[in-house]
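Asks: Here's the letter readout for the chains.
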Amino acid sequence: MSETFPASMHWLHTWTGVIIGALLFAIFWMGTLSVFDREIDRWMMPATRLAPAATVSLDAMAKTMTQTGAAEWGMQLPTDRTPIVSGYTVTDGTYAFLNLDPATGKPLHDPATRGATDFFFPFHYSLLIDQWQIGKWLIGLAAIAMMALCVSGVVIHRRIFADFFTLRIGRKTSRTTLDLHNVAGVLGLPFNFMIALSGLVFFIAVYVPGIQSVVYPAAGSSFTQDAFGGFDRDAAGEARALGSLDAMAREASRRWGGDTARIVRVTHSGDAAAYVSFDRSLARRVSMTSDAVIFDGPTGRLLHEHRTGPMMTTQRFISGMHFAQFRHWPLRWLYFASGLLGCVLIATGSLFWLQSRTKRHMNEGAVGMPLVRAITIGATTGMIAATLAYLIANRLLPADAAALGQSRAQLEIWAFFIVWIASFAHAALLPRRAWAVQCWAIAAGALTAVASNAVTTGDHPLHAALRGQWGVAGMDLVMLAGGSVAAIAAMRLWQRKPRLVAGDPAAPALPAA
Amino acid sequence: MATSLLIALLGCVYGGFALLALSQSRNWTLVLPGRPYPAARAGLLKAGGWALLATALIIALVRDGPAFGLMLWVLMLAAGAALVIATLSVRRR
Chain A
1 MSETFPASMH WLHTWTGVII GALLFAIFWM GTLSVFDREI DRWMMPATRL APAATVSLDA
61 MAKTMTQTGA AEWGMQLPTD RTPIVSGYTV TDGTYAFLNL DPATGKPLHD PATRGATDFF
121 FPFHYSLLID QWQIGKWLIG LAAIAMMALC VSGVVIHRRI FADFFTLRIG RKTSRTTLDL
181 HNVAGVLGLP FNFMIALSGL VFFIAVYVPG IQSVVYPAAG SSFTQDAFGG FDRDAAGEAR
241 ALGSLDAMAR EASRRWGGDT ARIVRVTHSG DAAAYVSFDR SLARRVSMTS DAVIFDGPTG
301 RLLHEHRTGP MMTTQRFISG MHFAQFRHWP LRWLYFASGL LGCVLIATGS LFWLQSRTKR
361 HMNEGAVGMP LVRAITIGAT TGMIAATLAY LIANRLLPAD AAALGQSRAQ LEIWAFFIVW
421 IASFAHAALL PRRAWAVQCW AIAAGALTAV ASNAVTTGDH PLHAALRGQW GVAGMDLVML
481 AGGSVAAIAA MRLWQRKPRL VAGDPAAPAL PAA
Chain B
1 MATSLLIALL GCVYGGFALL ALSQSRNWTL VLPGRPYPAA RAGLLKAGGW ALLATALIIA
61 LVRDGPAFGL MLWVLMLAAG AALVIATLSV RRR
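Chains as they are written, first to last, in our numbering: chain A, 1 to 513; chain B, 1 to 93.
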């Protein structure tokens with residue numbers, strides 16, 4: 001630690017950034033993709049690119065669901081972002097998933113992919129490490145580090161107001177990098193701080209386990225009851241058909257001032273004691289309400305209504321700001337842009353560290369620098385390339401693909417991790433042109449992904465837009481734009497003479513005399 | 001209506017930050033190299049800039065109510081500032 005306050009903040013900012021930068025980039029990148037997870041799902045599951053259904057009959061879909069014979073089942077209802085019904089059944093504690101066409105109530109084919117909602121999104125909040133919730137703890141650590149970086153960054157920024165508008169893109173690359181880092185940091189400050197803090201607030205029960213026992217000393221579910229509602233009763237053991245779900249949905253909507261339901265759950269399906277829970281839509285407010293209405297299955301009589309309490313509404317509001325499940329397109333795009341800006345912030349921070357220290361560290365014979373460089377390259381450009389590999393695998397693997405005992409959905413994830421690991425190896429072994437080569441890979445990958453979507457589904461951006469598939473068209477256009485940026489970056493990097501110093505393993509061997 | 005308010009909002013944040021940028025002599029000489037920097041009236045530019053940003057807040061609140069309106073305003077501020085910074089950095093080249 002240094003002696004003066006700004007100097008110690010400088011130290012904190014530098015080393016927190018170096019140690020946690022790669023992890024932060026992964027979380028920010030996956031979070032940014034998750035802003036449009038439903039749209040990426042449509043891109044990756046062509047069979048679900050349906051026109052919005054004019055009328056959705058819950059009873060027609062209930063028929064399909066009851067035919068599965070499951071005692072417990074539920075459905076996520078269509079929204080303007082998801083034209084399908086995502087159903088699930090629970091048999092002896094095991095979940096099974098099936099998608100339904102809301103227009104007909106008939107099941108759709110298994111998409112054979114985890115898409116974005118079941119890969120990018122869990123990557124974002126758990127790093128896919130579920131053991132002892134290690135992933136969530138690492139993410140909590142990264143969120144705290146992000147807030148520390150925001151604060152220390154403001155402290156060490158020498159001319160935050162004077163340089164507010166300053167972005168000098170010019171010949172001196174380290175100047176450009178630092179200006180970009182400063183601008184991205186200052187403009188993204190409210191968003192980055194809010195997103196890190198709200199992420200922590202959402203997982204409060206993970207990070208402060210048992211916190212609710214302060215107010216709810218008795219063991220049991222009274223906390224869950226108060227916070228999230230909940231209703232339970234045993235099965236009667238007497239068969240009885242389910243009443244009309246559509247009628248129950250109308251009553252729920254009336255109680256919610258016109259809001260619709262987003263999830264319907266049926267417990268003890270086919271039993272005389274069956275009950276149906278409706279969760280309120282999240283479309284019209286920031287807060288992720290836990291409002292629910294529960295009806296008696298056979299008669300449709302109201303059994304219980306849960307209204308989110310004031311304390312929970314606060315927690316749900318902060319969580320809702322993070323989750324962005326509301327229906328608000330300008331905000332959704334601003335979240336996406338802010339997420340990308342966060343990625344730029346993290347990448348330029350690491351890059352500036354490398355640019356300003358490579359020479360000195362190599363001269364001093366420090367061994368850490370090539371390691372940080374390889375990790376930074378793999379974690380940034382490598383992560384983007386791996387994402388594109390996942391999308392390309394999704395479009396090019398045959399529908400019944402399976403290899404080495406892995407299903408098609410698993411093979412897509414293999415494609416992601418193989419490319420990601422390869423990008424680290426490439427950056428470590430061939431660092432001379434690693435940035436440029438990986439930027440080329442991103443440009444080529446983006447073009448390949450767009451082309452493979454056009455060839456395998458016929459939905460090239462124009463076609464997709466003309467038939468109202470804006471999610472698919474937008475996904476292609478964003479990839480084309482991103483690929484173009486990567487191509488420009490690659491060309492610039494390629495033209496530049498790689499600056500290497502003696503002692504760097506990346507420097508070419510001296511020609512024999 | 002919602003779309004035109006959104007465009008007005010973007011115009012206000014862009015205009016607001018543009019005026020704030022012009023109140024700094026460095027950016028003034030960059031954008032208007034022929035005209036001397038009006039040091040005495042820089043405060044006026046600043047006040048105009050802040051007024052436009054405040055107008056943007058009102059537009060956002062009218063359009064979307066307090067919760068969505070505030071979020072939209074804060075994120076639009078960043079977008080407007082980013083556009084001004086991009087404009088200046090294109091002018092600089």
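Source of the hints: derived by calculation from the structure; they are not laboratory data. Wrong hints could be hidden among the right ones.
As the list claims (entries may be wrong) - In silico SDA-like cross-links for lysine to any residue, where the CA-CA straight-line distance does not exceed 25 Å: (1) Lys172(A) / Arg92(B); (2) Lys172(A) / Ser89(B); (3) Lys106(A) / Val90(A); (4) Lys136(A) / Ala205(A); (5) Lys46(B) / Phe161(A); (6) Lys46(B) / Val90(A); (7) Lys359(A) / Ala436(A); (8) Lys172(A) / Val31(B); (9) Lys46(B) / Pro190(A); (10) Lys46(B) / Leu167(A); (11) Lys46(B) / Ala162(A); (12) Lys46(B) / Val154(A); (13) Lys172(A) / Lys46(B); (14) Lys63(A) / Thr16(A); (15) Lys46(B) / Phe164(A); (16) Lys359(A) / Arg92(B); (17) Lys172(A) / Ser25(B); (18) Lys172(A) / Ile85(B); (19) Lys359(A) / Thr29(B); (20) Lys46(B) / Arg168(A); (21) Lys106(A) / His157(A); (22) Lys172(A) / Gln24(B); (23) Lys172(A) / Val90(B); (24) Lys106(A) / Gln24(B); (25) Lys46(B) / Thr64(A); (26) Lys63(A) / Ser8(A); (27) Lys63(A) / Leu23(A); (28) Lys172(A) / Leu5(B); (29) Lys46(B) / Lys63(A); (30) Lys172(A) / Arg26(B); (31) Lys46(B) / Gly105(A); (32) Lys136(A) / Leu83(B); (33) Lys46(B) / Val186(A).
To be verified - Facing chain B, according to a computed beta carbon distance under 8 Å, are these residues of chain A, among others: (34) Thr177; (35) Leu187; (36) Gly188; (37) Phe323; (38) Arg327; (39) Pro330; (40) Leu331.
From a predicted model like this one, the values you see are computed outputs, not experimental measurements. Virtual Cβ for every residue (Gly too), placed ideally from N, Cα, C.
Asks: Could you run down the list of hints and mark each one as holding or not?
Replies: Taking the hints in turn, this is what the structure says about them:
{"no.": "1", "hint": "Lys172(A) / Arg92(B)", "result": "14 Å, holds"}
{"no.": "2", "hint": "Lys172(A) / Ser89(B)", "result": "15 Å, holds"}
{"no.": "3", "hint": "Lys106(A) / Val90(A)", "result": "19 Å, holds"}
{"no.": "4", "hint": "Lys136(A) / Ala205(A)", "result": "11 Å, holds"}
{"no.": "5", "hint": "Lys46(B) / Phe161(A)", "result": "13 Å, holds"}
{"no.": "6", "hint": "Lys46(B) / Val90(A)", "result": "62 Å, violated"}
{"no.": "7", "hint": "Lys359(A) / Ala436(A)", "result": "20 Å, holds"}
{"no.": "8", "hint": "Lys172(A) / Val31(B)", "result": "22 Å, holds"}
{"no.": "9", "hint": "Lys46(B) / Pro190(A)", "result": "22 Å, holds"}
{"no.": "10", "hint": "Lys46(B) / Leu167(A)", "result": "20 Å, holds"}
{"no.": "11", "hint": "Lys46(B) / Ala162(A)", "result": "13 Å, holds"}
{"no.": "12", "hint": "Lys46(B) / Val154(A)", "result": "22 Å, holds"}
{"no.": "13", "hint": "Lys172(A) / Lys46(B)", "result": "31 Å, violated"}
{"no.": "14", "hint": "Lys63(A) / Thr16(A)", "result": "55 Å, violated"}
{"no.": "15", "hint": "Lys46(B) / Phe164(A)", "result": "14 Å, holds"}
{"no.": "16", "hint": "Lys359(A) / Arg92(B)", "result": "30 Å, violated"}
{"no.": "17", "hint": "Lys172(A) / Ser25(B)", "result": "23 Å, holds"}
{"no.": "18", "hint": "Lys172(A) / Ile85(B)", "result": "18 Å, holds"}
{"no.": "19", "hint": "Lys359(A) / Thr29(B)", "result": "37 Å, violated"}
{"no.": "20", "hint": "Lys46(B) / Arg168(A)", "result": "23 Å, holds"}
{"no.": "21", "hint": "Lys106(A) / His157(A)", "result": "59 Å, violated"}
{"no.": "22", "hint": "Lys172(A) / Gln24(B)", "result": "24 Å, holds"}
{"no.": "23", "hint": "Lys172(A) / Val90(B)", "result": "16 Å, holds"}
{"no.": "24", "hint": "Lys106(A) / Gln24(B)", "result": "64 Å, violated"}
{"no.": "25", "hint": "Lys46(B) / Thr64(A)", "result": "64 Å, violated"}
{"no.": "26", "hint": "Lys63(A) / Ser8(A)", "result": "65 Å, violated"}
{"no.": "27", "hint": "Lys63(A) / Leu23(A)", "result": "46 Å, violated"}
{"no.": "28", "hint": "Lys172(A) / Leu5(B)", "result": "41 Å, violated"}
{"no.": "29", "hint": "Lys46(B) / Lys63(A)", "result": "65 Å, violated"}
{"no.": "30", "hint": "Lys172(A) / Arg26(B)", "result": "20 Å, holds"}
{"no.": "31", "hint": "Lys46(B) / Gly105(A)", "result": "60 Å, violated"}
{"no.": "32", "hint": "Lys136(A) / Leu83(B)", "result": "36 Å, violated"}
{"no.": "33", "hint": "Lys46(B) / Val186(A)", "result": "19 Å, holds"}
{"no.": "34", "hint": "Thr177", "result": "14 Å, violated"}
{"no.": "35", "hint": "Leu187", "result": "4 Å, holds"}
{"no.": "36", "hint": "Gly188", "result": "7 Å, holds"}
{"no.": "37", "hint": "Phe323", "result": "13 Å, violated"}
{"no.": "38", "hint": "Arg327", "result": "10 Å, violated"}
{"no.": "39", "hint": "Pro330", "result": "6 Å, holds"}
{"no.": "40", "hint": "Leu331", "result": "6 Å, holds"}
Hints 6, 13, 14, 16, 19, 21, 24, 25, 26, 27, 28, 29, 31, 32, 34, 37, 38 from the list above are not met by this structure, while the remaining hints are.
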